[in-house]
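Here the protein sequences line up with chains A and B, keeping their order. To get our numbering, take the position in the first sequence, counting from 1, and add 3. To get our numbering, take the position in the second sequence, counting from 1, and add 3.
Incorrect hints may have been included.
Put simply, identical chains are the same to the list, so a pair is met inside one copy or across any two.
Derived lysine to aspartate or glutamate pairs resembling EDC-like cross-links, with alpha carbons at most 16 Å apart [claimed, not checked]: (1) K258 x D46; (2) K302 x E65; (3) K302 x E199; (4) K302 x E160; (5) K149 x D224; (6) K9 x D240; (7) K9 x D285; (8) K17 x E262; (9) K44 x D21.
The set of hints was computed from the structure by calculation and includes no laboratory data.
There are 2 protein chains.
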Amino acid sequence: MSQPIKIGIVGVGKIVRDQHLPALAKDQDYRLVAAASRHGKVDDIPNFPTIEAMLDAVAELEAVSLCMPPQFRYDAARTALTAKKHVFLEKPPGATVSEVEDLKTLAAHNGVSLFASWHSRYAPAVEAARAFLSSARIRSAAINWKEDVRRWHPNQEWIWAPGGFGVFDPGINALSIATHILPAMFITSAVLDFPENRASPVAARVTFRTSNGLPVTMDLDWLQTGPQSWDILADTDKGAMVLSGGGSKLAIDGKLIHEEPEAEYPMLYKRFAEIVRAGVSDVDLAPLQHVADAFMLGKRNVVEAFFD
Amino acid sequence: MSQPIKIGIVGVGKIVRDQHLPALAKDQDYRLVAAASRHGKVDDIPNFPTIEAMLDAVAELEAVSLCMPPQFRYDAARTALTAKKHVFLEKPPGATVSEVEDLKTLAAHNGVSLFASWHSRYAPAVEAARAFLSSARIRSAAINWKEDVRRWHPNQEWIWAPGGFGVFDPGINALSIATHILPAMFITSAVLDFPENRASPVAARVTFRTSNGLPVTMDLDWLQTGPQSWDILADTDKGAMVLSGGGSKLAIDGKLIHEEPEAEYPMLYKRFAEIVRAGVSDVDLAPLQHVADAFMLGKRNVVEAFFD
Numbered sequence: 004m005s006q007p008i009k010i011g012i013v014g015v016g017k018i019v020r021d022q023h024l025p026a027l028a029k030d031q032d033y034r035l036v037a038a039a040s041r042h043g044k045v046d047d048i049p050n051f052p053t054i055e056a057m058l059d060a061v062a063e064l065e066a067v068s069l070c071m072p073p074q075f076r077y078d079a080a081r082t083a084l085t086a087k088k089h090v091f092l093e094k095p096p097g098a099t100v101s102e103v104e105d106l107k108t109l110a111a112h113n114g115v116s117l118f119a120s121w122h123s124r125y126a127p128a129v130e131a132a133r134a135f136l137s138s139a140r141i142r143s144a145a146i147n148w149k150e151d152v153r154r155w156h157p158n159q160e161w162i163w164a165p166g167g168f169g170v171f172d173p174g175i176n177a178l179s180i181a182t183h184i185l186p187a188m189f190i191t192s193a194v195l196d197f198p199e200n201r202a203s204p205v206a207a208r209v210t211f212r213t214s215n216g217l218p219v220t221m222d223l224d225w226l227q228t229g230p231q232s233w234d235i236l237a238d239t240d241k242g243a244m245v246l247s248g249g250g251s252k253l254a255i256d257g258k259l260i261h262e263e264p265e266a267e268y269p270m271l272y273k274r275f276a277e278i279v280r281a282g283v284s285d286v287d288l289a290p291l292q293h294v295a296d297a298f299m300l301g302k303r304n305v306v307e308a309f310f311d
Numbered sequence: 004m005s006q007p008i009k010i011g012i013v014g015v016g017k018i019v020r021d022q023h024l025p026a027l028a029k030d031q032d033y034r035l036v037a038a039a040s041r042h043g044k045v046d047d048i049p050n051f052p053t054i055e056a057m058l059d060a061v062a063e064l065e066a067v068s069l070c071m072p073p074q075f076r077y078d079a080a081r082t083a084l085t086a087k088k089h090v091f092l093e094k095p096p097g098a099t100v101s102e103v104e105d106l107k108t109l110a111a112h113n114g115v116s117l118f119a120s121w122h123s124r125y126a127p128a129v130e131a132a133r134a135f136l137s138s139a140r141i142r143s144a145a146i147n148w149k150e151d152v153r154r155w156h157p158n159q160e161w162i163w164a165p166g167g168f169g170v171f172d173p174g175i176n177a178l179s180i181a182t183h184i185l186p187a188m189f190i191t192s193a194v195l196d197f198p199e200n201r202a203s204p205v206a207a208r209v210t211f212r213t214s215n216g217l218p219v220t221m222d223l224d225w226l227q228t229g230p231q232s233w234d235i236l237a238d239t240d241k242g243a244m245v246l247s248g249g250g251s252k253l254a255i256d257g258k259l260i261h262e263e264p265e266a267e268y269p270m271l272y273k274r275f276a277e278i279v280r281a282g283v284s285d286v287d288l289a290p291l292q293h294v295a296d297a298f299m300l301g302k303r304n305v306v307e308a309f310f311d
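All chains, please: the whole structure from these sequences, using the hints.
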């Protein structure tokens, strides 16, 4: 086995504590050697206030995981890539498509790997759904992603700021799965609901069409209390597919055919190690492109103010 | 000289009468053989209500120019490419970036040429500005595009509809020049002003940064009466560049160094004939990508209602 990759983590918030640290702790491909964050800290390793301070002090670093809000990711990524460190980008990979294109160019120029991570693509039943759909004739598909923002993103002001994506923050997870399992598609119409006191939408209804003319709908709602829905449905000649639980369970005609424990972040870090060892990048911008297209094409509704 | 390309024009409105018909009339590379439009007509050739009717009736057609509003361009382009006709897309090339990517794939698959035309790139002083900037060290740049929508787009409802771009309809002309003469750049912030009764912005202030950290600003305003501004300014070590008149005049430190008569559409059709003869496509999506990024990242202001 190769030497572990010496990695630093930047932006120590909820997702780092919930997902990144547990995944890294169990993975022999990595050794976590430092962290940088304005507020958060990681126990038992050196902590720094900024990525610049971390890179200056910890020469052995080979890679960094960037987990701050997307509005601040570009500068950190540029700093790390310029210092010839491999870079893992939390999702979404940036605040604009063009800035991530720029990072791709910089990574290639500096001979390091860039990874635009889409954790939901590594949900346990996604590959089974992809295999099923590629063997079937699809008639239509529907993406229903409805959750309670107060439960999953309590008091996260950045998510409501311009560039914070609003309900497209979970919606981009749905898109990262849909663009992996469905044929190429593009948006034909969209309606985005903006709370009157917020810069980002709380709900959206989007219609897509695939290259071969199939209709795909996407319904995003951030005010869903009670049961939460993270489902992709497809009507096919081989039955009605339901990929539910954010990609964790696959059923055909009501019969559960695939379910296993969730391991998205361990799979993401496995993939990152693979591309670092292989000397390549993995940057698929299709999910982010659809979000940008939805904002450009979408009709804006103003709805009731939102308070946490 | 080769045989003229037998071309049909679709969506007969103001831009077709003002620009496409005069350019085609003078160009021996083309023979205009048919037109399709819901409302407009072209004299002395067969006219049809739809592109489908035109393609069915006029078998000799080799190419089509698609000039309807962007919201309706994809379906027509798909129909034409599927019938193995070369396609000239007026700007903007589509309502989303993803749909134009889909058209590129289809054109390649059918062995025909697709042209995403950006007429302002062919303004007379643009190449001189590009040459100047590539020989100078740029410190900063500013795009100022301020015009009177009531004068240039009177009662054009589609331009205010979702997907109609609003002030980014002229703004994308500025971007088509800027992305051609300046280094690669991306948006870092944007503010978009939406009239309270309209779905598209009437003004926008956008800041970009180039890969090497230079600041670029863009100021779009659709309520400018009196003198109109379509200018790109750059502060450089070789002097202050002003490319004015939508790319028609170039001055350095106040001295006019390039001015010649405007011939954008004749140049566009020359380029289209070139790519058709060469069997290639020419589809640069950078200007449209920046618009999508501005809508995604931008802060929305609601401003006074707009009435024509």
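Up to 16 Å CA-CA - E199 versus K302, copy category: The answer is both: 15 Å in one copy and 13 Å across copies each meet 16 Å.
Status of D285 relative to K9 across identical chains (alpha carbons, at most 16 Å): neither (20 Å within a copy, 44 Å between copies)
Within, between, both or neither: K149, D224 at alpha-carbon 16 Å: Cα proximity of K149 and D224: one copy only (5 Å, versus 38 Å across).
Intra/inter-copy verdict for K44 and D21 if alpha-carbon distance must be at most 16 Å: Only inside one copy: K44 and D21 sit 14 Å apart there, 64 Å across copies, limit 16 Å.
Intra- versus inter-subunit Cα pairing at 16 Å for K302 with E65: neither (45 Å within a copy, 37 Å between copies)
Alpha-carbon proximity between K9 and D240, which holds within one copy, between copies, both or neither at 16 Å: Classified as neither: same-chain Cα gap 49 Å, cross-chain 43 Å, threshold 16 Å.
Status of D46 relative to K258 across identical chains (alpha carbons, at most 16 Å): neither (45 Å within a copy, 63 Å between copies)
Homo-oligomer pair classification [E160, K302; C-alpha up to 16 Å]: between (24 Å within a copy, 14 Å between copies)
Within, between, both or neither: K17, E262 at alpha-carbon 16 Å: Neither. Shortest intra-copy (26 Å) and inter-copy (58 Å) distances fail the 16 Å Cα cut-off.
Consistency with the previously given hints fails for numbers 1, 2, 6, 7, 8, ordered from lowest to highest.
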